[in-house]
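Protein sequences, first through last, are from chains A and B. Position one of the first sequence corresponds to residue 1 (our numbering), numbered consecutively onward. Position one of the second sequence corresponds to residue 316 (our numbering), numbered consecutively onward.
Calculated directly from the structure, the hints in this document are not laboratory data. Hints are supplied without guarantee of correctness; some may be wrong.
[What the hints assert, rightly or not] On the chain A side, residues computed to face chain B include the following (Cβ under 10 Å):
#1 Ser-57
#2 Ala-59
#3 Gly-84
#4 Lys-137
#5 Ser-206
#6 Val-208
#7 Gly-218
#8 Val-220
#9 Glu-224
#10 Asn-231
#11 His-245
#12 Tyr-310
Even for Gly, the Cβ is constructed at its ideal location relative to N, Cα and C.
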Amino acid sequence: MHPALSIVFFTTASGAGFALLFLIGIGVPLGLLPDDPWFGLAALALAFALAAGGLVSSAFHLGHPERAWRAFSQWRSSWLSREGVMSVKTFVPAAIFAIGWVLFGATSGFIGLCGILAAALAAGTIYCTGMIYASLKPIHQWRNRWTVPNYLALGLMSGFLLLDLILRFWVSSPVGTTILTLMAIAAAWWLKEAYWRLIDTTSAPSTVASATALGSRGRVRLLEQPHTQDNYLLQEMGYRIARKHRARLRVIARIAGFALPALLTLVALVAAGKTAAIAAAIAVATAGLGLIIERWLFFAEAKHTVTLYYGADAA
Amino acid sequence: MTDLPRPHPGQKKLGLVIDLDLCVGCHACATACKEWNSGGHMAPLPDFNAYGDGAWGVWFNRIHSFEEEGSAGGSACTVHFPKSCLHCDEPACVTVCPTGASYKRAEDGIVLVNESLCIGCKLCSWACPYGAREFDADAGVMKKCTLCIDRIYNDNLIPEERQPACVMVCPTKARFFGDLGDPNSAVSEIVATHGGKDLMPELGYRPVNKYLPPRRAPTPSEPLQLAALGAPDSDSGGNALLRWVDRLLSR
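This is chain B alone, in the form it adopts within the complex:
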């Protein structure tokens, strides 16, 4: 069972596309995920010492914030970086599982854990380079993102809501859900247009989820001409108004 399903042409690969240019780091996706999944397929998502110091618990989605320095002279920018299971094509978390509890679905590529088979050895969490799996110390089993399998196929929801909770809630529409195995799907087109990237491609896990890097053009910010403002005899450059203000202040 921990053998991976044999891929076939046109293989459905459900996953997420995350636009780092649009994400504002509000953590709504993380809280919506926690809320839905506390009652969903992998429920509960336990919290320990929830109301005291040292609170911690199981989350399937976490938002890290990075700073990327600007290129020569450009200003640095903050990049909010949501991270959840990438539902890899080569998920070592599945193949290392000794019991068959971890599996990748042949029909849509979603990586899941069968909790009733899991012995809680934690090896899958060691095998995941991205830190997508978190151990439920209450139940003694490993838990992970299900891509909201209980929403996306849920006939009780209206079709527009059959999307992962994190995608539904995102206020800036920085998250997209779809079939990345279909080159003509909306998500695949977004990835192609904006140069979607894999995380840690060098490890060969071939993640399905893609990240769109920030597209902000590098803005070379010139240092403020404060010295010029304070200098009494600097009348070269700048416009007439500024030169007049300069002279006025220098008096």
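So that you can see chain A by itself, here it is in the shape it has in the complex:
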């Protein structure tokens, strides 16, 4: 599948933003995080900017961005529509929570309830994002049991990394959050490896024989394409990545996305003050790079069954 940069950025940024909102929405009303309104302003501004920025970025790949509001109508059948509805619904309690906390200093009662509601809806939004891909039967690399857990875990990991960084400006050594961040990185890494293992060892149930209803006598192979030039199907769904590049990019994603952030978070755990804050900041930056490469690969490695009509033996 063609890795459109707008979607790569959208899923990584909004995943991190909604996950940060999830953590704050739960942590602050429960008293696990500081209730300083300035912390609220910084953390919520970052969460809103990432979540909303991602949503705006996703509109760039539309043929008619001005009609994007129509996408809220078909939530009964469409995961994309559900994601849209869920993301907008998240902003309603999140906005009440933000106003109540930042302007009036309230984090309990109704305001706290809005925070928890926003957290639940934010998690739901990330789940819907994963389901958009996991529901597509023609793409084996997406329609599997690891896609949704990957989206949730990678979101949670990036949310924790951001929280651990911001928190350092208010709490000198947020040990609990840092340990949870390490655990989130480990879980996300493990799930990503499980995902890669699955797509490396299995292939789609469809073959060129099932795609053509031929093959009862012998092997089927493409003899001639319908057209000598490019077309939309090949541009959008015929994207192929060289095995060599794939292996290299996976190594970069592993190092930048998981290994370095884990190492730097560990440094932040044992170090103190400025050193720890710098380590946490670099962890966020390198994880961002790693996750963008990971997300790019998620698209580039995905093979659509339409390629069976263009010379692929298996999808």
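Given the coordinates of chain A, work out where chain B should sit on it, guided by the hints.
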């Protein structure tokens, strides 16, 4: 709207039957489709860089050519394979649509796009395993085969011409149009007689269009007896004339 219409007994399912045994791969169906639909319901079908290198554009019908190896000793055969929208009973392209632009008609099962609702998110084209939908980068909306809805119900055409353009034009009559929901229709009988098949049945889209596999009997082609012709003392087997030619040439 992107919910699928509830099927009822005797549901009309308009679609095509494509006989792979008769198709000669002339691409007439593709060009007739392009011609009609350039002025039809989903018009225009844009072309980009049409007269230069790297020309590409929107087509609703494309003809792929495959080779099927023969069974033990049989020769391989070329199968020309026209592919257009299969107007599935379970069209995920419709249910994934976030805006309701994609829909399946309750009255005849035709899958269409309402261009004025389409936001051009392309998700429907990802959800279609068959590559039936193509994006119009000019208009910013998705386009697809309409089963020539503007021909089959067109009162201005004589009744014999109220068929999809691809069916009308086919010189070998390899394409049939009709109601596949009616077990007694001509198309359903053709499917039953010749063992019409679904494409990628394992994905569960339950396509309405059916494909009739090639019926050519496997012809075990014996390797040519060239060695025997050249061998001077091979007088066993073959007929008398060939043995005489063999002796003559071996002199």
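Hint check, failures only:
1, 11
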